[in-house]
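K.L.:
Using the hints, build the complex out of the two chains.
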Amino acid sequence: MRDQLEGSRAIARAVAACRPEVISAYPISPQTHIVEALSDLVRTGELAPCEYLPVESEFAAMSAAIGASAAGARAYTATASQGLLYMAEALFNASGLGLPIVMTLANRALGAPINIWNDHSDSMSLRDSGWIQLYAESNQAAIDLHLQAFKLAEELSLPVMVCVDGYVLTHAVEPLELPAQEQVDGFLPRYEPRQVLDPDAPVTIGAMVGPEAFTEVRYLAHAKQMHALDLVPEIASEFAGAFGRPSGGLLRRYRTAEADTIVVALGSVLGTIADVVDELRDEGARIGALGITCFRPFPLEEIREALRHAERVVLVERAFAVGMGGIVGQNVRLALQGQPTVVYDVVAGLGGRAVTTRSLRRLFADVLEGRLEPNRLHFLDMDWKLVERELHRLQERRRSGPHAENILRDVGVIAGRSH
Amino acid sequence: MARWVDEIVTEERLLHPGHAACAGCGPAINVRHVLDGLAAARPDSRIVLVIPASCWTIIAGVWPVNAFGVTVHLTPFASAAVEAAAIKSALRLVGRTDTQVVVWGGDGSTCDIGFTGVSAAAERNDDVVYVLNDNEAYMNTGVQKSGGTPEGAWTTTTPAAAPRSGQKKEIARIMAAHGIPYVATLAAGSVPMLKDFRAKVTRAAGIPGFRFLHALGACPPGWKYPTGESAEIVRLAVESHVFPLWECDHGAWRITYRPKRPVPVRDYLGVQGRFSHLSREEIDAIQAHVDERWDALTAVGEPDRELPRASSR
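Protein sequence lines correspond, in order, to chains A and B.
Using my numbering, the first residue of the first sequence is number 1, and each one after it goes up by one.
Using my numbering, the first residue of the second sequence is number 1001, and each one after it goes up by one.
Some hints could be false.
[To be verified] Listed next, the stretches of chain B that the computed footprint assigns to chain A, with coverage defined by at least 3 CB atoms under 8 Å from CB atoms of chain A: (1) 1054 to 1060; (2) 1083 to 1090; (3) 1108 to 1122; (4) 1141 to 1149; (5) 1265 to 1274.
What the hints contain is simulated information worked out from the structure, not anything from laboratory work.
These numbers were taken from a predicted model, which means no experiment stands behind them.
Note that CB positions come from ideal geometry on N, CA and C, so glycine has one too.
Just chain B, with the same shape it has in the complex (with noise of 0.2 Å):
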């Protein structure tokens, strides 16, 4: 199995070793992963990456030092959509239309301040791979509470008392609804789904237009588990319906990876402190609530069940 990683991940990294992010960081290994494949899929290419307010503000490197093998604009919280576009405008003047433009984006800033940004860079089709780095709550200011705050979680502005209540944003639905090319959710948690992984990023570097990729990455400091669990609790987040892999590929949606055995919420929801507060009640309702989201996307995705197919643009 080692040597099948080897085979699929043997460029150069992009982010280099070194970087400010915390142990264990699960969206280092995201974007690593990201960068690298759309680096791999069109080796002629060169990569500008957006970056607004988030962890990655800092782990890109205080100046002079960057923490990326490639060019990186670092951008104010809900600008990176517009300016990934009009970047890509820019480039394109000067005939550097070999340049991917790639927008590295929190949920805060994705689903809650800069939402407004990326549906209209998602509307206008502006040639962006818009990459969403899930870790679901602002973990940069302190683990404050987000659009993609999934239900029952804590934060510190949800505390246990009285936590997160009301369902995380779907957000890559509501970008699928947009219409866009191509859409598809992203998790390192084990060698299929990174394999599953990578191809997602290899096809959304194939394809011109708005592309969204939805990455979730563990945060230990945030989720509260030990710094090793980081691929282990994503891995749970897929196998217990939490978080499905699927795509939509010019409104063809498909599920990409199905958990033979689904394990129950209660496993994923039991390995962080975020959770630990939870009565059996609420982890009965929470399971509800993963059931019916999975029933309705695996309904989406049955071939027969295919939403209109989004014009090719």
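So here's chain A without its partners, still in its complex pose (with noise of 0.2 Å):
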């Protein structure tokens, strides 16, 4: 069924299609349409039978989906940003315990300083949380890795976050094609729970393990996360012949037949950066793209494979490891090792700065070109003189002040006119 809409709006959908019994969930932008549409469809009696809990934390949203997934229920929950910071120490919690909790990341900046808008240091701060993390680069995509990832989950006895990016596709609003019930009841089934708190047969959930079992449980988690590996590209095949459109999968490519320069992304941006492959390659450009959907668990074995012909990579990276540099870039150096390839990373698009066709031209033409000196970090369109000018007042004085004050202050605009 084809429908306009926005983004959260069919998100929830889908995920109400998945029939999950219970939902936890505290506010937080801009995670808010997905809830609040959730939460209608469970007072409105569509979604049944199914409990919203409107709980007083993001940790208590996870606390919750813990619970209700070891007593057996299907349990989703979705945040962003802060939120999945506070839920952090119960994210482990439910890796550990292996529970098949989905979760709608809605991504969006950390503070301080503090920002609403869209990148990826949220979830790439969580990636080794246990989790299984798949990106959708476009709301279809969003809507269709949520059909999966339930599947998965419940498949492996792990919790899959699906990062979808704030704003970017979460409020834009499109034609998207929706799954009938039916069509989701065959592809999904009903939840058999591997663990289950049964108040008729006395088990303990969470006990204490020593050394001397604590690694293989710990391997246990690894194992599981490495057959993903393989269910992740079946779970995909499944789904296109049931719904009958691609989508899932571990990677994407696009356009890299021939190509010897290829751009490394994960999620919205790869619809930006599809299209200046397009126009590159009408000048004659031996480049493509190559989209990341699943970066946890990390397929390096296929993203060597796709980019064995290239002789240029670049990231395009919407969150950078402070003190380190590109983190995506780090997992796809590995995939590489012992290649001859030419790695660019380069952040782009923080705390929501839209990454333009102009931008990404720009930058490709300069990897092309040969201007752009590899194997060190670049930022796009980032303001030098604005940098430089804080730095210099650093050493001019001791108490120069807050670098955000000072560097809005030299901008001369307040944040909401900034961009």
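P.N.:
Structural data, given as structure tokens:
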């Protein structure tokens, strides 16, 4: 069924079609429209049986999902940004217990300075929390990934985080293909938990494990994630068979055949990158793009294979590790070990800064024409003058004040008007 | 008297012998009476016990040993109240309305790190029996001060030279202020007190919604007294008005045990090493605070001074 609607509403409809039984959530922009819509569907009885728990924090939202999942219910929550960090302890608990919770993350920057707009700092900061991470490049992908996420989570008994770019996708209104309930019911079987808090058969879930078995239990979490590298493509092809459109999978190649330059990215920026690739291809450049849909587990072999013939790899990342550099870059370099590939790490679109076709064209031209220095960290559209002025102030006097305020004063605009 | 105890305590013990609690553990006595009492009050029900990080993470047993005869879910420190609510939701969906979901959370979980969660579960009136296992400090990590630590007490983070200042959080009265159906304080200090304890557990089992039971449990290593004295110390806590026994049943306050001849607070403090550094003046100050709290509580508990009755939800 094709419908014109907001990304968040579409995600909510897709989640509802998966028949979650317990939904717990705490509001945070830009996740709110998703949980508001789900709350409506529960109140009107369209989504039943389902209990919606409006809890007191993100930590409680994840804790509730853990409790519900451990008691045998299909559990769902959604959050963003600071909310994900506030959940951190419970995230590791959920994955450590092997509970198949599905969560939507409406990707948003992390403060300070506080910023409500999109980047990937939140999901990247918890990439090693034991959750599978899938990144949607469009709202259609977001819908489809949620259906696949429940299936994947429950087959493996592991939690799955579906990362959807905040505002860029969550608040975009566009025509979308929504799955019919019968289709979803055919694709996603009833949830059969591997472990359950059965009141009739006393068991303990979450008991302490000492040095004699801790390594083995932790290894099993890793083994399950590695198994996901097989399952993700299998479920994607099953999805294609059931719904008649390709979606999901570990990676998405865009015009990579005979490409000597491949741009690697995650999420909605891939759409803009594809447009620029098209333009450059028309002009004769041998350029393509590789989207990483599944970032955890990291498809090392598949990425090595996809980039094997590339001379240059350009990483466009919406987050970075302060004091280290690109995060996706670190991972991709591992896949390229032993290869002569030249790698460019480019941080772009932090805190909602638009990644435009014009900026990307200029970046790719710099790469293709040898003007960008490889193997160091670059920042797209960085205003170096502002940075240098602030660095100068730091040297000039001890009490130089907060960076954000100083830079905004230099820019001469208030935050809300700056973009 | 012994026969009478047998009459109320004959059922199967849901805390198995051989558990890993310290010798003389007061909370071990309490949890056993809470679980057995809830089970006896609703014989057709099942219990799921939710335990946040605490001594009981260890006492519950290291896999595959389970010290309890009930299903146990161990949670992060601050998660227990909401996890219990969600477990209740999930069980309701599969038609298991016969299950009592019970939290056994320490004073650190309840008064400090998990307080938001306890308050929120109360505000939502989640259908859970929340039992505060109060031994008045972070005992599992080696006796550090919590919001449940009383004035003047030594802990490793409030040493004798600079003991706990400020007052123990009046958590049960705070919970009563949420307007929940049932709040009660419990102490297994004597046979009459145990009778009161079990009556409150039975009452709690019969009411839907959020029920809060505050159980004082003496801790030999943390309070510094001989292991055989746990019941006696709790008895003195009640007899000295340090830990009054009361309930608030749908807004109706009642003192459930009035010491006939209240003992001075120094009798209670004097038998515990954690208070041995206190001067006479400091003990007098504590006595004055205990008297003030007792007066305030009994004023609330008098029939003509009842607080507005909370709506029965």
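K.L.:
Output the numbers, in ascending order, of every earlier hint that fails for this structure.
P.N.:
Of the numbered hints, 4, 5 do not hold.
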